[in-house]
Structure formats: C-alpha cells, structure tokens
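Given next are the chains, with one letter for each unit.
Protein chains: 2
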Amino acid sequence: MRNIRLVVEYDGTKFAGWQSQHKSQVTSRKPQVTIQNTIEEALHKILQEKVKVIASGRTDAGVHALGQIANFKTHSKIPCLNLQKALNTYLPDDIVIMSAEDAGPDFHSRFDAKSKVYSYSILNRTYPSALLKNRAYFFSYPLNVKLMQEASGVLLGRHNFKAFQASGSTVKDSIRTIKRLRITKENNIINFEIEADGFLYNMVRNIVGTLVEIGRGKFPAGSLKKILLSKNRRLAGPTVPACGLYLLKVEY
Amino acid sequence: MRNIRLVVEYDGTKFAGWQSQHKSQVTSRKPQVTIQNTIEEALHKILQEKVKVIASGRTDAGVHALGQIANFKTHSKIPCLNLQKALNTYLPDDIVIMSAEDAGPDFHSRFDAKSKVYSYSILNRTYPSALLKNRAYFFSYPLNVKLMQEASGVLLGRHNFKAFQASGSTVKDSIRTIKRLRITKENNIINFEIEADGFLYNMVRNIVGTLVEIGRGKFPAGSLKKILLSKNRRLAGPTVPACGLYLLKVEY
Numbered sequence: 005m006r007n008i009r010l011v012v013e014y015d016g017t018k019f020a021g022w023q024s025q026h027k028s029q030v031t032s033r034k035p036q037v038t039i040q041n042t043i044e045e046a047l048h049k050i051l052q053e054k055v056k057v058i059a060s061g062r063t064d065a066g067v068h069a070l071g072q073i074a075n076f077k078t079h080s081k082i083p084c085l086n087l088q089k090a091l092n093t094y095l096p097d098d099i100v101i102m103s104a105e106d107a108g109p110d111f112h113s114r115f116d117a118k119s120k121v122y123s124y125s126i127l128n129r130t131y132p133s134a135l136l137k138n139r140a141y142f143f144s145y146p147l148n149v150k151l152m153q154e155a156s157g158v159l160l161g162r163h164n165f166k167a168f169q170a171s172g173s174t175v176k177d178s179i180r181t182i183k184r185l186r187i188t189k190e191n192n193i194i195n196f197e198i199e200a201d202g203f204l205y206n207m208v209r210n211i212v213g214t215l216v217e218i219g220r221g222k223f224p225a226g227s228l229k230k231i232l233l234s235k236n237r238r239l240a241g242p243t244v245p246a247c248g249l250y251l252l253k254v255e256y
Numbered sequence: 005m006r007n008i009r010l011v012v013e014y015d016g017t018k019f020a021g022w023q024s025q026h027k028s029q030v031t032s033r034k035p036q037v038t039i040q041n042t043i044e045e046a047l048h049k050i051l052q053e054k055v056k057v058i059a060s061g062r063t064d065a066g067v068h069a070l071g072q073i074a075n076f077k078t079h080s081k082i083p084c085l086n087l088q089k090a091l092n093t094y095l096p097d098d099i100v101i102m103s104a105e106d107a108g109p110d111f112h113s114r115f116d117a118k119s120k121v122y123s124y125s126i127l128n129r130t131y132p133s134a135l136l137k138n139r140a141y142f143f144s145y146p147l148n149v150k151l152m153q154e155a156s157g158v159l160l161g162r163h164n165f166k167a168f169q170a171s172g173s174t175v176k177d178s179i180r181t182i183k184r185l186r187i188t189k190e191n192n193i194i195n196f197e198i199e200a201d202g203f204l205y206n207m208v209r210n211i212v213g214t215l216v217e218i219g220r221g222k223f224p225a226g227s228l229k230k231i232l233l234s235k236n237r238r239l240a241g242p243t244v245p246a247c248g249l250y251l252l253k254v255e256y
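If you're matching them up, the sequences are chains A and B in order. Residue numbering for the first sequence follows our numbering, starting at 5 and increasing by one per position. Residue numbering for the second sequence follows our numbering, starting at 5 and increasing by one per position.
Only chain A is shown next, with the shape it has when bound in the complex (with noise of 0.2 Å):
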C-alpha cells in the first residue's frame, strides 16, 4: 500500500476549516464544507476508492495555507505527478495541491511533525484594503511595532503557554517551544511569523491579540511576562480573526 504526501495551499475563507472541529457546536444541519472532505471526495473520483487524508493539523474556518501537509494511504498505482494533476482539475480554485509524492510506508503527517511556521498579517492604517479582504486583520488603530517588537521576546523558548490556550480547551499539555518570533513591518502590513514545535488551539490568534494591545498602548509593556507565568487565558488579549493567519510550513 502506498502511502502519499501532499503539499496543500489554501485560501480558507469560504470553508468550514481543515475539518469540522466542534461537532456539538454546529447548530445547522447542513453538512459542512471542509478542506479535508473537499480534497477526499476529489480522492474519491480519481481512485475510485474511500481515502482519509490526515494533515500535519486542523486549521480553522478562514484561515490560509500555503504549506500545509497532508498524506493518505491507496491501493491506487497512479503516478505522483498524474494524481497531482487530476487533483488540481478535480479540485475548486481554492485548493491547490503543490506536489504530491509518495513518503515512506510510516510517515504520518501529524505525528511526525517537529515544528511549523504560522504567519498573521495585520493592515495598519485608517482605511481597509479592497484586494486584502479575507488576507489580512484590518486594524486602523496606530500599533507601535518596536513595542511588540520588545515585548515578545520573552514567549521564546520552553514555556507553558495555557494563557493563550483557547479556553474550553482539552488538551492537558500546554508547553510548547516557540523557536522564532519575528514581527516586520513592510508599508502598511504589519507580519508577525512563528515557528514553535507545535501549537495549542488558537495560540497563535491569541498571543497576537496580546501583542496588539501592546502595540496600542492598552496594556503595558511589561505585561506579556506576567500573562504567560499566569497561565490565566482571561488576562490575556481577545483573538484576532482568523482571516490574516497562514500556515506557511511544517517540518519533519
């Protein structure tokens, strides 16, 4: 059995994320669209059989990927290049499939990730952007960028990062390594880029939205260090939308 590794880009906007994360919260009964389904059920008319595809992780409904992995496994002889093809026809324009290539007969997308690279762009100025719609948080207060710029840097390294953990959260272990946190400013878009060896739920929407009150003079400068050691996710700041974050890159 063949075990194939997908490169997947993704404007996420019009879908219900990577998959649908909270079963008990969806009041409609429509079904939704996923990435995930979207990309099976396009599987499904190439090799003509039922395929789960796993990615390296869940992204939310709005954001984007330009790196994210995924595999599955198939009976199906196909050539790499010839399914990556099919995929990209079969798929809507909002799915583009940037190699596919067959792994290693143990390779799992999730497990075996060592780290990823999120990227969250925020429009800084008076008015918003008609061809940044969907791409980038619109935020027409004035950010001081060498403020967050300074503030961040104690998240780096080996912390508990429960107070930027969503609340209502699961998952037990909540220390993670942020290895790199760069915030850029080019024109009017300001680019803040992570790389951890992995991420809590909403950890990175949240500690942006911790940076930005930072940035805009709502919280000092010296509070970042006190929310982490809380571990309270109610002294934090709120969640920026998903619509300015990207998954750029997972490594193995």
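Source of the hints: derived by calculation from the structure; they are not laboratory data.
Below, a list of computed lysine to any residue pairs in the SDA-like style, where the Cα atoms sit at most 25 Å apart:
| no. | chain 1 | residue 1 | chain 2 | residue 2 |
| --- | --- | --- | --- | --- |
| 1 | B | Lys137 | A | Glu44 |
| 2 | B | Lys18 | A | Ala246 |
| 3 | B | Lys18 | A | Asn92 |
| 4 | B | Lys189 | A | Glu197 |
The structure displayed is predicted, hence computed values, not measured ones.
Given chain A, work out where chain B should sit, using these hints.
Below, chain B alone, put in the same frame as chain A:
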C-alpha cells in the same frame, strides 16, 4: 460647487469594469454592476444628490486598481474625511476609498492625467495558486525573463502602438509614449510595470501577451520591432486575461 477628488482601490473580479464599455455587445438585459455606478449609488445615499463620477480611465471587467483617480462635483458641505468614511461604510468591501480631498474647480481626472502606471502579474509555475486566483495570470510554460526584458526595449519612447490596440477600437490617434517598462521576477511571479502618457484600449494586455510569446520561444526575440512597425494587431500576441492587470498610479 465643490470638486472632490478620490483615490480608489478595487478588486475588479466581480465587476463589469469601471463602466460598461460596449453597450452594443451586452446581450443580457440585466443591468451590469460597474464600479462607477456602485460608487455613484453610495454617494447618492450619503449626499442625497445624484452625482456623476469621472475616472482617469475606464478599466475592464476583472481589472484591479490600487490608485484609480476619480472626481465628482457636489453642493454638499460634508468634510472630506467624513465623506471617505461614509463611502467606505456604504461601499461593498471590494471597493475602498483611499482618500477624498477638495480639488481645484477645473480638475478633471481624465483630461488632466499626464501619465499612468499599470502592472501585470504572471504566476509562472506548473500548478496554480489558491491565494492568487483572480490576482495573477497563471501561465504554466516556462518563460525566459531575460529574453522578454531585452526584447521590450524597442517599445520605449514615442511610437504608433496600433499593433497593440484592440481591433475595432475607434480611437484615431494611436501614438503614445512609453516612459518605463520594467520586467522583474520574484519567486514564481513575473511582474511587468509600464508607465506611459496614456494607453490604448487593451494596450498593456496585448503588449504583455506579445512578450509572453517571445518569452516562451514562440515568437523570435527580434519580432517585437516588426510587430510595432507593422501597426497590425493580427501580428501581435493574444490579449492576456484581465485578472493580472492593476492600475497602480495616475500622475497629473
């Protein structure tokens, strides 16, 4: 009477252009949604007054703008900043007013334009992009950027660009001056930036379409001069799709 000058950004994907261009060619009886009438309707709600908005030039269906200039006359006394904010509230999120200011009484966004800058983006790789759909022209055959750069030099300066004008166009004077034509490549994006004192209908898209034929080796590198001198649209390359075209700037 005030004369208000607007700087407008738009995602042209869902619009029938700045203004419906060819009434004789419209087969559907459904009124077309244009950027001009969308802005005029928003202004009507805000000003309680019917105004006519004139742009520096009409852009086609699917063409984007990062700095379209438009102006209109009004009796209203509403301050410019309030007008900008009200417009951005009433307009759909694919049209954004970047600024509104009082212009001199004689300012005319079309007649007074001294030069315009357009850019054209090609995504040149073997598979499309989810995040660049409707934002760049996906072209999968390899393009030789150096060949296109070298060939493009003959277009600089004052010439009769009839060979690159849409056939059937009724404009009589097809002499224009290209001040700058820069072709760059970053990652898989090839970008063409063209500045001229004015552009004929479809001129940018026909020039890029001809350069693409040179870049892929279908037209010899030396063919561009012959095509220019021929003044024959049929010798030039195809019109590349609207989605890659952006009106960047208008100078006065």
